[in-house]
Each structure stands twice: as C-alpha cells, then as structure tokens.
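*Asks:* Position chain B relative to chain A; hints supplied.
Each chain, letter by letter, is given below.
There are 2 protein chains.
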Amino acid sequence: MSAPFAHVAVIGFGLLGSSIARSVHEAMPGVALSGWDADPAVRDRARAIGLAPSIPDEAADAVRGADLVILCVPVGAMGDAARSIAPGLDPDALVSDVGSCKASVAKALAEALPGQPVIPAHPVAGTENSGPDAGFASLFRNRWCIVTPPEEADVALVERLAAFWEALGARVETMNAEHHDLVLAVTSHLPHLIAYTIVGTASDLEDVTESEVIKYSAGGFRDFTRIAASDPTMWRDVFLSNKDAVLEMLQRFSEDLTALQRAIRWGDGDALFDLFTKTRAIRRSIIEEGQDDARPDFGRSDHNGKSA
Amino acid sequence: MSAPFAHVAVIGFGLLGSSIARSVHEAMPGVALSGWDADPAVRDRARAIGLAPSIPDEAADAVRGADLVILCVPVGAMGDAARSIAPGLDPDALVSDVGSCKASVAKALAEALPGQPVIPAHPVAGTENSGPDAGFASLFRNRWCIVTPPEEADVALVERLAAFWEALGARVETMNAEHHDLVLAVTSHLPHLIAYTIVGTASDLEDVTESEVIKYSAGGFRDFTRIAASDPTMWRDVFLSNKDAVLEMLQRFSEDLTALQRAIRWGDGDALFDLFTKTRAIRRSIIEEGQDDARPDFGRSDHNGKSA
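Line order of the protein sequences matches chains A and B.
Here our numbering is used: the first residue of the first sequence is 427, the next is one more, and so on.
Here our numbering is used: the first residue of the second sequence is 427, the next is one more, and so on.
Okay, chain A solo, but in the shape it has when bound (with noise of 0.2 Å):
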C-alpha cells in the first residue's frame, strides 16, 4: 500500500506537530518530510533533535513541493500561518491542521488562502507538555481523529487524509465543524476551564497555605493540575475561538453545580448517591472503548516513558 501523501510538511514544532513528525518518519519512513517554526530558537531545537530532514528559515520554503500541510499552530495562529506559507503552496497541495476549535479555523483558513484545497481536522490526543521535545510519535495511537470537511471539499482528498490518520493509528470520524465544537466543548473544553479555576481557587485562599494544597494534593487535586499545567497560549485561544459552545457548557454546569450546592445544604445525601453511582457507569465505558484503562497507571505507561 503506498502512502496517502509523499510528502508532509508541518508547521509548529509544539506537542502536535513534534508528534506528527516522529509518527510519519516510523509510519511512513518512505515519505518526505519538511517542517517549519515561527520560534527560530524551536527550529534550531527541532534540527539537534532531528525532527524532519528539512527545516528551512522562511515558512514558505518548508511547504514547497509538499502535498500535504499541517498547521500545528494555535487556533489563533492559524490565519498568520496560513498566509505565511502562502507564496509556497502548491495550488494543489491540502491544507489540514490539529486545532481543537474547527469553525473558526475553517473560518479563518478559507480567508487566508482562498482557492486552496482546505480540510481541517483534530486529533483527540495529548499530555500537559509543550515544545518540541514533548512529542512522541504513539501519541495518536488508538485516539480518535476528528475530521471536519467543508461541504464542498473533495471526497477523496477526505479519503487520502482519513487514510493518513490511520496510518499514525488514530481511528477517524468524520463531522461538521459546528459539531466538533459542541463535542469538544464538554470533553475537553470545559475540563480544562473548570481544572484552571479551581486550581487558582486553591491558590488564593487565606486559611489554607500554597505548600498545604502542595503536600495533600493525592486526594484528588492533583489530577486537576495536571490539565491545568497544559500551554496557556493554546487554551487561551480555544475558549476564545469556541466562545459560544464554552458558555453554553459552562451555563448548564453551573446550575448542575448548584443543585449539588443545594442536595449538600439541605443534607439531601440521596441525590449525592445517586449521581455519583450514575458518574461510575460512564467510567467503565470510557474504559471498554479504549480510552483510558482502568489500572491506576491509566495504562499511560505503553508508550516510549519519555519525560517531559
């Protein structure tokens, strides 16, 4: 089987791309790959490291020849991106990216490179870790990749790029954009909101010390921190490019929270039982599709034990 494109050019050498790279060389050894960072200091990085063959100094280089693009870049980096490998592109060449909002970038993709063959996409993958040394190339193995194709995108270019995810080892599903975001918003949106404010709760408190929260976090806090430790830059941009899908989540949490408020008040110890026994069904179904594992290591440890 040849592989759905010959050559690959990734611009953002953060988790995503750094991850795109190391994936293709080992799934894909026979294609070319080119690469490109706005940082000059991640492209120097990204060449010690080896992460693509070609890292040229100007972005437009780094996509010359290729037939496959993939921004790696903030959702709100994406239009500059876009216009700064613009002279490069072949007019054939598809466009794609790894952003976890897809209306706005497919928004912000179709201005800036008008013409051009546009199919953007997201990986439901990551860790806490940014920069060009965080990736590793199972990161997509078994996750899902969310293909969002413009109505008028061509059927088998959406093809050729399902059949690119597969071969890193994602599963694909394919939806419309305005979906994506609606999904995205409750799985990983809102986690995100929610594990950044209550780990700055914690750490604006009078009666209870920063070290306090430090020492005892075991008992729950900790896995928040985690999410809350992840690029500020990135999540900055999500809630601000997802807007309205984040509020409309955010609204119903909040009068979720507050009827639990409530049944804690008033000592109602039977609604309390029956959500948190409701809560557990969903963990083993997360855990039978594959999604997590149900050892307290998570199963995380089958990859290649890279730190961060």
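Treat the hints as calculated values from the structure; they're not laboratory data.
These stretches of chain B come out as covered by chain A in the derived footprint (C-beta under 8 Å, 3 or more residues):
| # | stretch |
| --- | --- |
| 1 | 549-562 |
| 2 | 622-628 |
| 3 | 644-652 |
| 4 | 688-700 |
Virtual Cβ for every residue (Gly too), placed ideally from N, Cα, C.
*Replies:* Relative to chain A, chain B alone:
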C-alpha cells in the same frame, strides 16, 4: 526496632482497610493482624485472599487483644462501627481511623467510645477502586498521613500512631481536626465534587450523545471520570460530614468560575493567559514535592500493576 503496636485490628476491608492489612503484613511481619467487615461477602473474600489470619464473624471478636484498632469505613458509619467493636475493646487499645473528614469522626468516636483512647488520622492516598481486592501494600508509600489528636490525647500514643504510619511508608503531619477539614475540602473534596458534576453534566446533553462523550474523552474529560468513579457511599458521607468547609470552598470556586466566564464572554485573552500561566507553577511544585510525576503515566506504574 520493635513495632509500635503488637496487634492491629482493621475494621472494614475496602481499598484503605485492605491496603493497611497488606502493608502491615509486609512491613511488620511480627505484628498480629485481625479484621472484620460488616458485609459477610467481603469477610469471605478477605479470608479467601488472606488479608488477615483472623477474621471472625463478630466485630467485637475481631478487636479482642488488639492494641491498635483502625476503622476503615465511610465517615457516616464510624459511630456504628465503633459501637459494634466496643464490647471487645481492650480499655487501653488505641482506636483510630482513615476517614476523609476529621471533626465529625472525632465527635462520633468520642460519643460512641467514652473513655477510650481515640486519635483520628487520615492517610491522603487512594485510587478510584473499591473493595477488598482493590488494596495494595504500597498505597501509602511517600503519601502524607495527617494525624489529628484531640487536645487531651496522650503524646506518647500520638507518637506511636505516627511511627505506625511511618512504618507503612507514609510521611506524618499533625494538625487539628478543623484545619484538616478545611485543607481537605480544597485538595480533595471540592475536586471530587466538581468531577462528579461535570460527568453528570456531560451525560445529560441533548445535542451531544453519551457515546460521543465517551469516544472523545481523551481530550481531558477522562481524567475527571476517574475521580468520579470513586465509591458513592464514601463520598456522600464526606460531603454531608464536611458540609461547611465544602460549601465555603464551592462558593469561592463558583466566584472564580464566574470571573473566568466573564473573561471569555468579553474576549479578555490577557486575563485567561495570566491565570493559565499561574496554574503551571503549582503543578511544578507538586512534582517537586513528590506528590505526582511529570511523566504522562504519573509514575503510578511504580506499584505492583494491580488492576481494577
């Protein structure tokens, strides 16, 4: 060095009780061990897997001759558990516990066991799994155990209890029960409450199916489901027993969340970026303090690969 106690009785063979039994067996092989559980099926299972050489059918028989009795039951069941062991208790035996709330437990035990030496304690350790099979000997290693001695407690007894926990691998801190309850409200109770809420919110949507929530949970949601899979009875009791501190922390969290909601609505990217940067530092401190691990598997693979 001789063991701080000669005969330890464990009442309740859930995650904590079964971990203590395993850990005592490993760390203090010369110490006599007995135990009991209110559920006959759990007693049978505990005998089958050999959690203690002596597991009689009556609670009072399980504590006869013990110089340390540890109650490992939900905090709402402490009073009943204490009353059920009372007829067999040696008058000098130290009664302790592992509950997540300390003021309410101290009160319940003092009422149920007048004149008995009682020193409540709380090892800040756990997983989302429950039952006699869920425990493992290394659960307390490098975790903090908070001892909350009543004002009239015998200092020598407090020191023996601390030595006991240190022998199981824990680090020990003492504080009063009220301060413990405030600290744990933020580091453990609030995180659990929020995790339960968001998992409930996500399962009640009209436009996003539960199957989508499960499929795309790797974007952050799955970490919350782990916490929200914790034992419903235990957590119902925690929220009812530590009501005031939990409601206070919940109020602060809600205010902070509202401020963030406002920042998103008005597009205040700087406010978001500032908070998201601040929360990274706390994560770093938790890792430096040894309460979590920078690796994506959290270093939790260190223990014996126990599965749910």
